[in-house]
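Student: Sequence:
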Amino acid sequence: MSLEQRIQAFHQLGQVLQNMPIEKLEAWSFAAKSENPWFTPASVEQAIKGVSAFLNEQKLREWTKVYAIDEIRNKRVALVMAGNIPMVGFHDLLCILISGHHAVIKLSSKDSVLIKNILLELKNTAPDFADQYSIVDGPMKSFDAVIATGSDNSARYFQHYFGKYPNIIRKNRTSCAVLTGKESKEDISKLGEDIFSYFGLGCRNVSKLFIPKGFEIPLLLDQWQKYENVIHHHKYNNNYDYQKAILLVNQVPHLDTGYLLLQESERLVSPISVLYYQYYNSEDELINTIIQEREKLQCIVGKEAFCTVPFGQTQMPGLSDYADDIDTVEFLSKC
Numbered sequence: 071m072s073l074e075q076r077i078q079a080f081h082q083l084g085q086v087l088q089n090m091p092i093e094k095l096e097a098w099s100f101a102a103k104s105e106n107p108w109f110t111p112a113s114v115e116q117a118i119k120g121v122s123a124f125l126n127e128q129k130l131r132e133w134t135k136v137y138a139i140d141e142i143r144n145k146r147v148a149l150v151m152a153g154n155i156p157m158v159g160f161h162d163l164l165c166i167l168i169s170g171h172h173a174v175i176k177l178s179s180k181d182s183v184l185i186k187n188i189l190l191e192l193k194n195t196a197p198d199f200a201d202q203y204s205i206v207d208g209p210m211k212s213f214d215a216v217i218a219t220g221s222d223n224s225a226r227y228f229q230h231y232f233g234k235y236p237n238i239i240r241k242n243r244t245s246c247a248v249l250t251g252k253e254s255k256e257d258i259s260k261l262g263e264d265i266f267s268y269f270g271l272g273c274r275n276v277s278k279l280f281i282p283k284g285f286e287i288p289l290l291l292d293q294w295q296k297y298e299n300v301i302h303h304h305k306y307n308n309n310y311d312y313q314k315a316i317l318l319v320n321q322v323p324h325l326d327t328g329y330l331l332l333q334e335s336e337r338l339v340s341p342i343s344v345l346y347y348q349y350y351n352s353e354d355e356l357i358n359t360i361i362q363e364r365e366k367l368q369c370i371v372g373k374e375a376f377c378t379v380p381f382g383q384t385q386m387p388g389l390s391d392y393a394d395d396i397d398t399v400e401f402l403s404k405c
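Just so you know, our numbering puts 359 at position 289 of the sequence shown, and the rest follows in order with no gaps.
No wet-lab data here; the hints were simulated from the structure.
Virtual Cβ for every residue (Gly too), placed ideally from N, Cα, C.
Any given hint might turn out to be false.
To be verified - Derived DEER-like restraints, expressed as beta-carbon distance ranges:
id, residue 1, residue 2, range
1, 323, 143, 18 to 26 Å
2, 304, 74, 43 to 51 Å
3, 201, 288, 52 to 60 Å
4, 204, 334, 24 to 32 Å
5, 359, 204, 26 to 34 Å
6, 396, 94, 33 to 41 Å
7, 353, 112, 31 to 39 Å
8, 286, 78, 51 to 59 Å
Unchecked claim - Listed below are the simulated DSS-like cross-link pairs for lysine-lysine, each with C-alpha atoms no more than 30 Å apart in a straight line:
id, residue 1, residue 2
9, 119, 129
10, 119, 283
11, 94, 211
12, 186, 129
13, 260, 103
14, 296, 103
15, 135, 186
16, 234, 119
17, 180, 296
18, 176, 119
19, 176, 103
20, 234, 180
21, 283, 260
22, 211, 193
23, 404, 234
24, 296, 260
Using the sequences and the accompanying hints, generate a full structural model.
Tutor: Structure below.
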């Protein structure tokens with residue numbers, strides 16, 4: 071398949087996803103939730119909308135034109151997927167297939183249904199793609215390069231197992247937001263989307279706020295009430311009850327909204343149902359703090375010049391918004 075044929079195939083896939091009948095969407099959502107209780111119908115629909123938004127002929131052509139993709143020699147690329155949010159590994163899969171490589175896919179046990187369904191739709195759209203990927207259940211063999219995503223612990227295993235191959239190995243990351251006190255109500259409301267979407271399980275979800283000294287936390291809460299229904303999800307509720315009990319037993323000062331626990335902390339990664347915040351005295355102090363933590367941050371949300379993502383946009387990455395700031399297609403062109 072030529073690059074143009076691949077672009078057209080993914081464009082058609084985007085159209086299929088955008089115009090999916092409600093019955094099919096419900097079937098996908100039911101199957102996904104059966105496999106992973108965190109994958110609610112709303113989360114699945116949000117993920118599908120996010121993917122279909124960039125499967126657009128013009129966007130795909132603009133994205134790929136900066137690479138010499140037609141000159142790439144076909145390789146077998148092992149892809150170890152994560153499963154923390156629906157279809158989180160799709161962008162890596164797209165990068166491999168649009169580059170003309172063969173994807174050797176190790177699906178997450180927490181997110182196999184949706185990826186399989188997407189691949190089936192792609193194959194129906196462009197049957198030639200049937201020869202461009204394989205799904206493996208056991209040990210991964212016969213590959214030339216690796217893209218693997220997991221926790222810090224699994225990354226050490228990946229490095230040991232895949233270290234001799236050209237690789238991209240991703241560890242835990244999270245995202246933070248920077249507030250100055252000049253934000254509008256709309257900004258704060260959009261920030262809620264960055265915090266609560268996918269129950270905060272994604273690396274692009276905000277788990278930490280940097281706020282100026284004297285900032286009044288309660289000012290945020292009126293704009294976040296529309297997200298309070300997260301507490302009705304049994305797994306989120308269990309985490310909330312557990313984290314609340316720990317804070318109370320240890321007599322840790324915190325603010326309890328009934329659906330979110332806000333705690334002052336210098337740590338970046340907060341548990342599910344907890345949002346950390348940290349005060350800063352000056353912009354220089356803030357920038358130095360963020361520089362020290364930069365390798366652990368996927369997104370820096372806010373309006374300041376050093377922020378990387380506007381409020382409300384963390385879960386809508388574009389084609390060139392590569393995880394960990396590693397250009398995946400560039401890597402695939404040289405592996």
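Student: All hints, please: hold or fail.
Tutor: Hint by hint, here is what the structure shows:
no. : hint                   : in the structure
1   : 323 to 143: 18 to 26 Å : violated (59 Å)
2   : 304 to 74: 43 to 51 Å  : holds (48 Å)
3   : 201 to 288: 52 to 60 Å : holds (58 Å)
4   : 204 to 334: 24 to 32 Å : violated (49 Å)
5   : 359 to 204: 26 to 34 Å : violated (45 Å)
6   : 396 to 94: 33 to 41 Å  : holds (34 Å)
7   : 353 to 112: 31 to 39 Å : holds (37 Å)
8   : 286 to 78: 51 to 59 Å  : holds (53 Å)
9   : 119 to 129             : holds (15 Å)
10  : 119 to 283             : violated (38 Å)
11  : 94 to 211              : violated (34 Å)
12  : 186 to 129             : holds (24 Å)
13  : 260 to 103             : holds (26 Å)
14  : 296 to 103             : holds (23 Å)
15  : 135 to 186             : holds (28 Å)
16  : 234 to 119             : violated (37 Å)
17  : 180 to 296             : holds (28 Å)
18  : 176 to 119             : holds (24 Å)
19  : 176 to 103             : holds (20 Å)
20  : 234 to 180             : holds (28 Å)
21  : 283 to 260             : holds (22 Å)
22  : 211 to 193             : holds (23 Å)
23  : 404 to 234             : holds (15 Å)
24  : 296 to 260             : holds (11 Å)
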